[in-house]
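Protein chains in written order, with the working numbering: chain A, 1 to 381; chain B, 1 to 288; chain C, 1 to 287.
These aren't lab readings, by the way, just hints derived from the structure by calculation.
Computed from a prediction, not measured in an experiment: that's the story for all the values here.
Heads up, the beta-carbon is just placed ideally off N, CA and C, and yes, glycines get one too.
Watch out, some of these pointers could steer you wrong.
[Claimed, not checked] Subject to a maximum C-alpha distance of 20 Å in a straight line, what follows is the list of computed DMTMM-like cross-link-like pairs (lysine to aspartate or glutamate):
id: 1; chain 1: A; residue 1: Lys71; chain 2: A; residue 2: Asp29
id: 2; chain 1: A; residue 1: Lys96; chain 2: B; residue 2: Glu107
id: 3; chain 1: B; residue 1: Lys120; chain 2: A; residue 2: Asp137
id: 4; chain 1: A; residue 1: Lys98; chain 2: B; residue 2: Asp3
id: 5; chain 1: A; residue 1: Lys201; chain 2: B; residue 2: Glu107
id: 6; chain 1: A; residue 1: Lys185; chain 2: B; residue 2: Glu262
id: 7; chain 1: A; residue 1: Lys76; chain 2: B; residue 2: Asp85
id: 8; chain 1: C; residue 1: Lys87; chain 2: B; residue 2: Glu202
id: 9; chain 1: C; residue 1: Lys218; chain 2: B; residue 2: Glu262
id: 10; chain 1: C; residue 1: Lys218; chain 2: B; residue 2: Asp204
id: 11; chain 1: C; residue 1: Lys87; chain 2: B; residue 2: Glu243
[Stated by the list, open to error] Looking from chain A toward chain B, a few residues come up when the C-beta cut is under 7 Å (computed):
id: 12; residue: Ile61
id: 13; residue: Pro83
id: 14; residue: Gln91
id: 15; residue: Lys92
id: 16; residue: Lys96
id: 17; residue: Val113
id: 18; residue: Asp178
id: 19; residue: Ile247
id: 20; residue: His248
id: 21; residue: Cys249
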Amino acid sequence: MKKRFLMTICLALGILLAGPSLGPVGAADEVLIGNASSLTGTAAQYGISTYEGLEVAMEEINAAGGILGKKIRILKGDDSGDPRQAVNVVQKFITKDKVLVIIGAELTGTTRVTAPISNSAGMVQFTASATGAGLTDNLPFMFRNSLPEAYAVPFVVQAGKKKFNLGSVVMITSYNLDYSVDLTKIYEKALGAAGIKIQDKISYAEGDIDFSAQVSKLKALKPEAVVMTGYYQESAQLMIEMRKQGIHCPILGSNGFNDPKILDLAGKAMEGSIWASGFFPDNPDPKVRKFVAKVQEKYKKKPNQFHAQAYDAMWIIAEAIKRAGVTESTAENRIKIRDALARTTGFVGVSGTHTFKPGKGDAEKSVFILTLKTEKYALLD
Amino acid sequence: MFDAYTSQVLTFIGINSILALSLYITALAGQLSVGHAAFMGIGAYTSTLLMSKLGWPFLASAAGGMLMGGLFGFCIGLPTLRLKDLYLAIATLAFNIIWVVVVMNIEAVGGALGIFNVPKVTNNTIVYISLGILFLFFYRLQDSRLGRAFRAIQEDEGAARAMGVNAVYYKVYAFTLGALLAAYAGALYAHFVTFISPHDFEVDRSIEILLFVVLGGSQTFIGPIFGAVLLTLAPEVLRFLAEYRLLVYGLMFVVIMLLRHEGIIEEHTFSWKRWSGMLRRERRESSP
Amino acid sequence: MLAQQLLNGLTLGSTYALVALGFTLVFGILGMINFAHGEIFMLGAYMALLLVTVGKLSIFWSLLGAMVGTAILGMIIERVSFRPLRKVSILAPLISTIGLSIFLRSLAQIIFGAESTRFPVGIKTAFYQLGPFQISLLQIVILAISFSLMAIFQIFIKKTKIGKAMRATSESLYTAGLLGIPVNRIIFLSFAVASALGGVAGVLLGLNFNAISPLMGKMVGLKGLTIIILGGMGNITGAMVGGLFLGFVEVLSVGYLTSSYRDAVAFALMFLVLLIRPTGLFGRVVR
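So that you can see chain A by itself, here it is in the shape it has in the complex (with noise of 0.2 Å):
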């Protein structure tokens, strides 16, 4: 009984004095880039696939001498999506890793709290994943390349309306994920300004396996097309219990569609969704096909759009500190960082082209509308 509790209590103790001053710490000739994502938890998918666009970018960028001739290391904070733990985690980044960057945070609610702590720091806050509104607004430092939903779904409700020839549609909602419930209200206003009605609503929640009373209830509703506003998973489960009690009309999706994910788990049920993308894998362009291969290569998965967000990110962000001349993480280089970051015009990535514009931190980015043909994903004609 002693031993057992001595045992404890050095446990315990050790936990307690080691702290927070376990990790990695940065050497003088690397250029640090700490990434805060969500690398478990239910978006632990995402921030996965951020991680691993990240890696591609850096490796390419490291082979080619890295960064004024300093290699690039990114450091992994994982917040769970919690954000909680997000503040630790880029406080963390800004106080004790003192890294020179910071990419994240991977979906909106972390990205909310998280900003105003790394701007107060006078640090540059880059997402590449989180689409919600007004990410940006009045911080300096602030800046995100991932597609603004507010942006596209504008795009996907006139082509779906011209091709479809839609009056009424069904929305979908998963109730208690605020992604799908901003999309919904995005949505709803995209459809009205179109003349098109919302015939009703029906909802979900994230997790859920079953969906055969949703359908059901679908079902006898009759629906033009049917408007999805969640992630890939219960997406595709929708599509599949959609297609099995016979409903084939069209579905309206958004950027949880760009995972080829969704399309392996519904396969021919997808046919028949439209949804807007900065990015498709199937993209014949050569610096887009170079990227898929790589991917493909090092992961044996094809890249989602985040992989590609991610990618342009690193590769924007590594131009901006070439173009600012600076590597150390002071607060005077931390201001010429940013403000050649906000300087980027014309950049060609993947997931199309960027340019900032004076003033706004998002990026203005080019828009594809997508459909499924012969199970891959195509351009809509």
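Based on the hints, put chains B and C in the right spot on chain A.
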């Protein structure tokens, strides 16, 4: 004095300690709650709305949050009096889940989007002064009439009633007090992280609070505080493990339960008699 | 739509019933909840997935394989979380299994990826029209498997020697020991059976919905808990009827009320039952 990161971690430790104590007081009267995160959420939302929409100052808003939490605590504590142990735990768990679902559906408070730009007021001074007051309260509680009544009910409710202890009164009192404290911690949390959503107050959070108390030790009030400190630091310390973090975290509970199931801090951990070898064996034999 | 919803409810409910049986078996004997039961359910599905994709076995053999695998997992959990702790406190095994559930969930995420994975069907798609019901061959298979398992289990627990020993142990651990029943072994076996049932439920769910994810055990586990409260803790009939009941209620609430309160329905029902009739609708096994 402390850098921004350390200061931040300390604030979370403080808030979590208050949460741990809020569960502890409910547990003192023999009631196990796995729904304290809901009370925390009630406090967080109430305080946020009072401050943002009505412009009340912090103390008034936090007090409002506490009152609302206490009210809900009373409303849940009273009808569940009859329930024992596991049944009460599950009932509180159900309450937590229902509360989250309901708030998710209330558009007026943002639903799943939550509320952001909550005014930032919480700092270490407020947190640690609050904790200090609680420390005094619990220290005095042990030998007070209230504390003894709680302990009597925890040990054997039937016997306590037979001895004239008004179990109903004390149990509801403990439950309400616990809810009140959790709500206060919720207000502190909201005004620190500046963003709240129903996801922050799900059952996982209630289980986490339970773990503070169970791992830290529920025999004295130092235990829960120790548990809060340990479990707040753990994710920070383990962060370098990245994706493998949760593996170690989960395993930690299994291991600690095997090594020391009553929690790390027990009744006589800090007693000087515990460490003076001669009296140690006698002490151990005489403890319950 | 009603007919279809009833069928949906039946299919969902039978899965819930199997999970609940696992919970109730453990609770009946030990008076404790195995919080990692949801993860056993999830891992059962993944084991079957591996057996089908890597082992190239048919769905039938993979199902059996998953049952064996989860039974072993259950036995390990008993040894690690329950045997050393059950005499010592009620909370300790609970906390230990909470830790295990976190561990198992993360392990699955790391090994299989955090995303959903397609679950192969292995049964040809065919639909049959029975009056107002449209039922698929798959659904028939699932219902057949769940109900026959429930029936086999009933026979097992009522007629076989081991089954009777399990019932005796759940009446009173102490007395059972006095009567010469090898209590430790019975507990061990109960965990095996309970987990195997959970594993099957996982496979059936994967079959039904074509996809599984490491997180699928969490909510199902919690709902399993509500079912045993509804049906009476430790009560086998209660678990089965409760499971079916919950399946129906959930599906109907989605179909006719707002679907965004679905999860709340299960727990609100449970809360009400706890307040009004804490021993559950069918009464609790006396401990």
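Right, here's what the structure says about each hint:
About 7 Å separates the Cα atoms of Lys71 of chain A and Asp29 of chain A, which keeps this hinted pair within 20 Å; it holds. Straight-line distance between C-alpha atoms of Lys96 of chain A and Glu107 of chain B comes to about 39 Å, which puts the hinted pair past the 20 Å bound. Our distance criterion of 20 Å between C-alpha atoms is met by Lys120 of chain B and Asp137 of chain A, whose separation comes to about 19 Å. Taking the CA atoms of Lys98 of chain A and Asp3 of chain B, the gap is near 12 Å; set against the 20 Å cutoff, the hint holds.
For the suggested pair Lys201 of chain A and Glu107 of chain B, the alpha carbons sit about 15 Å apart, so the restraint of at most 20 Å is met. Proposed proximity of Lys185 of chain A and Glu262 of chain B is contradicted: the alpha carbons are some 50 Å apart, above 20 Å. Between the alpha carbons of Lys76 of chain A and Asp85 of chain B the distance comes to roughly 42 Å, so the proposed pair goes past 20 Å and is violated. Of the supplied pair hints, the one linking Lys87 of chain C and Glu202 of chain B is violated, its CA atoms being roughly 31 Å apart against a limit of 20 Å.
Taken as a hint, the Lys218 of chain C and Glu262 of chain B pair is broken in the structure, with Cα atoms around 27 Å apart against an allowance of 20 Å. The straight-line distance between the Cα atoms of Lys218 of chain C and Asp204 of chain B is roughly 11 Å, inside the 20 Å bound, and the hint therefore holds. For the hint linking Lys87 of chain C to Glu243 of chain B, the alpha-carbon distance of about 35 Å lies beyond 20 Å, and the restraint is violated. The criterion of a C-beta within 7 Å of any C-beta in chain B is not met by Ile61 of chain A, whose closest approach is roughly 22 Å, and the hint is violated.
Given hint, Pro83 of chain A at the interface with chain B, holds; its Cβ is 5 Å from that chain's nearest Cβ, closer than 7 Å. Below 7 Å, beta-carbon pairs count as interface contacts, and Gln91 of chain A has one with chain B at about 5 Å; its hint therefore holds. Taken as an interface hint, Lys92 of chain A checks out: its beta carbon lies about 5 Å from the nearest beta carbon of chain B, inside 7 Å. For Lys96 of chain A, the interface hint holds, the least distance from its beta-carbon to any beta-carbon of chain B being 5 Å, beneath 7 Å.
For Val113 of chain A, the interface hint holds, since its Cβ comes within 7 Å of a Cβ in chain B; the closest pair sits about 4 Å apart. At its closest, the beta carbon of Asp178 of chain A sits 5 Å from a beta carbon of chain B; the interface hint therefore holds under the 7 Å criterion. With its C-beta approaching chain B no nearer than about 26 Å, Ile247 of chain A sits outside the 7 Å limit, and its interface hint is violated. With its C-beta approaching chain B no nearer than about 30 Å, His248 of chain A sits outside the 7 Å limit, and its interface hint is violated.
Interface restraint check: Cys249 of chain A against chain B, minimum CB-CB distance 26 Å, threshold 7 Å, status violated.
Violated hints, in rising order: 2, 6, 7, 8, 9, 11, 12, 19, 20, 21; the structure is consistent with all others.
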